[in-house]
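**Q** Generate coordinates for the entire structure from the input sequences, incorporating the hints supplied.
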Amino acid sequence: MALLEVHDITMKFGELVANCQVSFTVDSQSIVGLIGPNGAGKTTLFNCISGLCRPTKGKVLFDGEDITGRKPYVIAAKGAVRTFQVVRPLKDMTVFDNVLVGAFLKRSDNRQAFEKAHECIRLCGLESVQGKLAGELSIGGKKRLEMARALATSPKLLMLDEVMAGLTSTEVKESMDVIEKLRSTGLTLMIVEHVLEGLMSIADKIVVLDGGLKIAEDSPERIVNDERVIEAYLGAKYSQRYKQRKEGGSVD
Amino acid sequence: MSFRMSKGAFWATLAVFLVGVFCFGPGMGQTLAQEKVIKIGTLFPLTGPVATAGQRCQAAVQTAVEIINNKHPELKVPLADQEGILDGYKIVLVHADSQGKPDVGKAEAERLFNQEGVWALIGSYNSSVSKPASLVAERMKRIFMCGASSSAALTQRDMNFFFRLAPTDETESVEFVETLKWLNQKKKANIETIGLIYENSEFGKHAAGEAKKAASAAGLKVVADVPFSPGATNLNSEVQTLKNANPDAVLGALLGADYSLWIRTMKQMAWAPKIAISYCSGYQDPVIAKQLGPDADFFMGSTAYSPQFNVLMPAVGDVEKIFKTKTGGVPFDGDSIQEAVAMLVLAQAIQKAGVLDAEKVAETLHANTWDSPLSLGGKVAFAKGGQNSKAHSVVTQLQGGEYKRIFPEEMADTEIVFPIKPWNQR
Amino acid sequence: MVGKSVDLKTFSAKDGLWVAFVVILAILPLIPAFSSNSFRLHVMILILLYASMAQAWNIIGGYCGQVSFGHSVFFGIGAYGAGMAVVTYGATPWPGIIVGMIMAAIVAVIISYPCFKLSGHYFAIATFAIVEIFNRGFLVWDWVGGALGLDYPIIKEGLVNLMWHQSKTGYYYSALVIFVIIFGTVRWLEGHRFGYYMRAVREGQETAESLGVNSAAVKLTAMALSAAMAALCGAFFAQYNLRVDPPMVMSLDTSMKFVLITILGGAGTMLGPLLGASVLIPLQEYTRAFWGGLGGGVDLIIFGVLIILMVVKQPDGMIGLIRDVGKWASNKRAEERN
Amino acid sequence: METFLQVLIDGILSGMVYALVAAGLCLIWGVMDVINFAHGEYLMVAMYVSYWLGFLVNVDPLVSTIAAGVFIFGLGALTYKLIIRFTIGKPGLVALLATFGLAVFLKNLCMNQFSPNFRILSDTWLGGKTFHIGGIILAVPQLMAAVLALVVVVLLYLLINNTRFGWAVQATAMDRDAAELVGINTERIYILVFGIGGACVGIAGGIMPSYLAVHPEVGSMFGLIAFVCVAMGGFGSIPGAFLSGILVGVVEALAGFYIAPVFKYVAVFGLYLAVVFLRPKGIFGW
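So the protein lines, in turn, are chains A, B, C and D. Here the first sequence is numbered in the numbering used here, starting from 1 and rising by one per residue. Here the second sequence is numbered in the numbering used here, starting from 1001 and rising by one per residue. Here the third sequence is numbered in the numbering used here, starting from 2001 and rising by one per residue. Here the fourth sequence is numbered in the numbering used here, starting from 3001 and rising by one per residue.
Any given hint might turn out to be false.
[Stated by the list, open to error] Dumping the calculated SDA-like pairs for lysine to any residue here, alpha-carbon to alpha-carbon at most 25 Å:
| # | chain 1 | residue 1 | chain 2 | residue 2 |
| --- | --- | --- | --- | --- |
| 1 | A | Lys78 | C | Glu2206 |
| 2 | C | Lys2313 | D | Asp3177 |
| 3 | A | Lys106 | C | Gln2205 |
| 4 | B | Lys1267 | D | Phe3055 |
| 5 | A | Lys71 | C | Ile2110 |
| 6 | D | Lys3081 | C | Leu2306 |
| 7 | A | Lys132 | C | Ser2330 |
| 8 | A | Lys91 | D | Arg3176 |
| 9 | A | Lys71 | C | Thr2221 |
| 10 | D | Lys3081 | C | Ile2301 |
| 11 | A | Lys12 | C | Lys2117 |
| 12 | B | Lys1267 | D | His3132 |
| 13 | D | Lys3090 | C | His2121 |
| 14 | D | Lys3090 | C | Asp2324 |
| 15 | A | Lys91 | C | Ile2301 |
| 16 | B | Lys1421 | D | Gly3135 |
| 17 | B | Lys1212 | C | Thr2088 |
| 18 | B | Lys1290 | D | Arg3176 |
These are calculated hints, taken from the structure and not from any lab test.
**A** This is the structure:
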């Protein structure tokens, strides 16, 4: 059953169309990758789902319930929680307290919340810095904090916005492991990535956006061979040559 | 902004707290080693919007103390010819600043009594400060001499240790209305309507309330009731409102800068009532006549003193010389002179009672009529509640920069100019 | 206390220190140096009162990050609550205090709701504007005494009327109780969900919302709580001074005191308001006692310079100063060891 | 009708002076995101400068307004050097509180030095002069102040929008680091902006003694109104500040006359709230 259904989302900022009639579904306990070149409208789509923007048109169903245009905290409370591409640590609070804020969403009792926070901090490998102020962390640390904090809310759907960008390849590897581990606990994940390395190996499905339009939705293996995807990523010229080479013919 | 709090920080806070409280405490209020000293506290608004008046009041008390403590045979004032009172007791003043705020005034009154060990208080100009400050004195059974606060409510509280010298706004209001009635009779002035302009504070509001009472008792109609926020950037709408209602007479309660702004705005709008009478303060500030020049002329107000009253109060002149050395040449005005009287009368009462016992002195103050050459009428006596029943003021009119006495007739020295001359004919 | 919050105990060693501190305060009036009517006791009462006021402000201004210059409105409502109960209705102040606190919370929610949509300086100036409107509104509102204000009659002293005549000890213990109530509440909040939520909202509203925090509700609740506590302090202020009028309680000056004390001490910390009040209030009272009588405003000149120095040199407040000194000392020790 | 026009014109005239006071504050706010709480006190100091020049050497306020402008320019630059410099980049509250300290300091220093007495310059060129158009009375000093306000604000606007210096100021306002990179000495820009902001209020204060008494408390209300004008106009928008200055003057006058004089400031502050509740960034804000 689909945990998240996106129907015909269109988002306009004045004349600029950021998303145009995008539809797809995310199945329960799957990992869905959302990819596309810069400016393809990935983050906007995330904002529409998580309630930060109200889509101009279209509908978002979460767990069978219409959540279009609801407030972010309502959506978060229902279990769809996101991270931010541009990290937003609560700077003057410690790492632990940051995670604790997330943990309090489902637990008002201090003891339970503290336990959950500890658990998420361990999971994301932040134990050694948990007493530091979040503003003092390295960029990698902040990315992991984003994830730990979102995890602490015990979400059903975790939406990760470029948590791996700018990380070293070992760090990417570690993150992948964490994500795999999460899926095994029954979590559904939706991952926006600019870097495809790694994502392809764990995702069940990839949705590709370009210029605000959905241009493909398929399994990773097929996506890598999809013409339009290659065109979007590598440009028309390259795609043309690629096609020609494939066909063996030549034009001019 | 959040820090890891160490125990150290905590104890540092405690230390700061205790240092704050302890270090300054001792050493305060240590008296002069001299034995024969009566400490009197003064409490005036030395800073804030009415600081000018407060500083003059303080200077007036200092003047009185100088007369009491030293031999001044040339002055025809009680206690001037002797040194100190009660066989050599000298008065020492302890000054405090109320900032014109009731809470500060009350705290300072308590400090003066408890910490500085003053024997009595003189103060505190603003009626709103005098109220809580005198409560402090009353509860401690100490004397509070109030010179110039004008709110009638002050002396309607049946207090035993509170004495006020100045006429209240109640008596002033009656006097103003009497003046208008007299004009109607004598001059066929035909004054029927009244406008009120007053600052929206304890002082102005109270005065206006009394004015309305007196006016309705005399059958005069109040056609404009204009309170304004003190310290306003302009008084355009206020004066425009008055101008539109066009009352025959205006009663005003405005302090210093607001008074001058009012006059100038009326001039600018080319309007003036037939007659304008002001409660103390703004109008009788000696600086007004000098600074506004001919514009200040023909306005009227109640005055308890002005240098032109020397004929009536010959003793003041020499006292004023001392006062002027403390104010940079500014003479007494009706407010500050009351504070000097307060000090003098208190000293006279102590002398007469013969003991430094507040209850005895308060009884003595109530029981006698005091000679007071600095008061209009020359006498001071206190009714129950502490009001000076001999308090007089004269309605004067500024003519050529001088305060001319107009009413009551037996005190008058000049014929009234009525109505106020138009602005372009001055 | 945030750093160590990893441990689960809700009652920590820190709280032990607080209890010790309050016990010391409670014993102080028994020492002869604090005679029942001394100026020192007055200064202590003011320190406790202003520390409580600042702590009340700290809830919304420090922890929740909404810098309001409008707290004198709530302070004033509390003062009027108590004042009107006694002066207008001849009752004891207690029902007035309760009503005042509730009214302050309601008013806080009503005026904050639109104001929270404003950011930065727009918000600050809006709160200025609200103070001015309330100030002038109360000045002409005859039901609450208008410009004449409310003057307390002398009535029977004691806890029933929350009024004492000769001795200040009663006022001192009342102030101490208020201090304990407000600091206790904040201490409790600090360690619980709501406290974390407030700080999360301060640090980043969108982030907090993405984690399921209803930031508008958090801010309004914090404001209401803060306002009710400010009103409690205001009621005490009225009882202590036996007079209420708008310039006294509902003015920008009063509002600035809330802010200044907290910021000077250290906003968003538990100790900050106490530290700020412990320095600022004795400074204010003693400079006035020493120099006020000169009439030259010397006390205020010094006061102004001090504010500038403090704010410019140590924007984190005195807490920051102590922290820096602590760091410096531990560095020094570390150096010596090496 | 005549009364209405009279009230309206009085409102516009006093509004233009508010606008001039606000323009300086607006410039400072727009460029460095600092609210100068001592702005009203600058005005007061300027009035004293003008008063003393008039009283001691008999210079008319109309002339000494230039001196006052220069003086407050210096005071502003000094304020920047000694105080504001350290608050840039810190939360907005820091500068506000620091300048609050400065306001307390200036007010009481003037009281200490010049006594709390209010002072009036008599015999100024414009003092008390009026002229009549139909039944409407125009007070020359206020009119002159309004004209001066208009001239200065227009000059300020041109300076910011049409000169190299102005572009540098705008660049600095948008992004200080980027401006540094293209070779703008932003520190110098900040000093000058604070100075110019001061000069505007200095000029306003310089001419005021021809119709207003000078005393240490005179600036407070002007300062508050200037905050309102600036915020109502919108972040750093000089035309916005100018228009809302006039709007404030008009509303103050109309409310003062048609509702009740005590409510005139209530109306002004209420207007501000109404505007920002509808447009949270002010009339011209974005």
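**Q** Hint numbers the structure violates, sorted upward?
**A** Result: hints 15 and 18 break, sorted rising.
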